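For reference, the chains in residue letters:
2 protein chains.
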Amino acid sequence: MQYFPASLQDLTDQFSKLPGIGGKTAQRLAFYVLSLPENEAQAFADAIVEAKRMVHTCPVCQNLTDKEICPICDDDTRDQSIICVVAEPKDVIAMERSREFNGLYHVLHGVISPLNHVTQDDIRVKELLQRVAKGGVREVVMATNPDTEGEATAMYISRLLRPMEVKVTRLAYGVPVGSQLEYADEVTISRALEGRQEI
Amino acid sequence: MQYFPASLQDLTDQFSKLPGIGGKTAQRLAFYVLSLPENEAQAFADAIVEAKRMVHTCPVCQNLTDKEICPICDDDTRDQSIICVVAEPKDVIAMERSREFNGLYHVLHGVISPLNHVTQDDIRVKELLQRVAKGGVREVVMATNPDTEGEATAMYISRLLRPMEVKVTRLAYGVPVGSQLEYADEVTISRALEGRQEI
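In the order they appear, the protein sequences are chains A and B. Position 182 of the first sequence, counting from 1, maps to 182 under the working numbering, and the rest follow consecutively. Position 166 of the second sequence, counting from 1, maps to 166 under the working numbering, and the rest follow consecutively.
Simulated from the structure, these hints should not be mistaken for lab results. Be aware that a few hints might be false.
Same chains, same label: a pair holds when it works inside one copy or across any pair of copies.
[To be verified] Pairs of lysine to any residue, SDA-like flavour, derived with a Cα cap of 20 angstroms:
1. Lys17 / Ala41
2. Lys90 / Leu36
3. Lys17 / Leu34
4. Lys90 / Gly23
5. Lys134 / Gly103
6. Lys17 / Glu194
7. Lys90 / Asn145
Nothing here was measured: the structure is a model prediction, and the numbers come from that model.
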């Protein structure tokens, strides 16, 4: 006995394919869509097709964009000689929020992770090397996540960049602003000590 | 500065309208859709439109269906003289899973809830009364949730049904099978005691 209409079951299945969405949640979301007015359901469907159709990676920095060149790469007021390397598009947003960085970005779209079968060829390393090889780049700031894989990826890329006469730096490690020392792990504290600065 | 392409932002906004989906999750889901092959993204969009277009309520029992009459109401082997009243379509599934009930259903699409501004006119009570008034119904089993609102709704409907010479029953209260007594709340235990049966 099929309990739900086929088209409702199909929509539930589609939702349950999404990451982190289980069967119960998928059902709830499908019911929600049914409760929407026709035009809102259509708008949701259109947004999916539209995003998929319009969004591609910027040929320069590999960030997601719907323009030919992304707005950051296209911005003449930004320092073209410094490139900040991040793992994911959302990391660009995190960096931009700090309002501290005025250079360009390079989005790797992942980190090297042998356990997940992600090799250096699966992320946009080649594109970065080509950008640097073209010249005009003074410094590359590695800003991959401060975890094992982000670390390893940063090390790998910095080794490739070494012969290219470009300064390679890394975001400073230390205790997060506004955090409490008693909750900081020992590795973070020892890195913060190593990197201590005069005040 | 707009960090994301407009169409990606739009898709993220659409996801974040879904119940229980916050900003971060919406972003993750939008990225996931971008990572899908074109045909799968299209299939997702189609499923939304299709479900919205095909699914309606059964004119008899008010359950969701894409047929003219839902498969349960259309099934001649089921007992047409007993109607089980549930709050939501998913409750029909819960009942069917027990394989114990062979009558028909009536889906209220909600329960009376003054706090949420849901009155008896917002749920399908009228349709139930019309069904019973037509005759041929011997018993109505109230199977709304055993909480305050489900309870109140069941009481309200049973009062309306009383003059119609139909037996109105309610699912038994008691300790859930497979549960542990020490975790059962006192109201459940007192109801289980009241309803105790000879073995």
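(Q) Name the hints, by number, that the structure is in violation of. (A) Checked against the structure, the only hint that fails is number 6, while the rest are satisfied.
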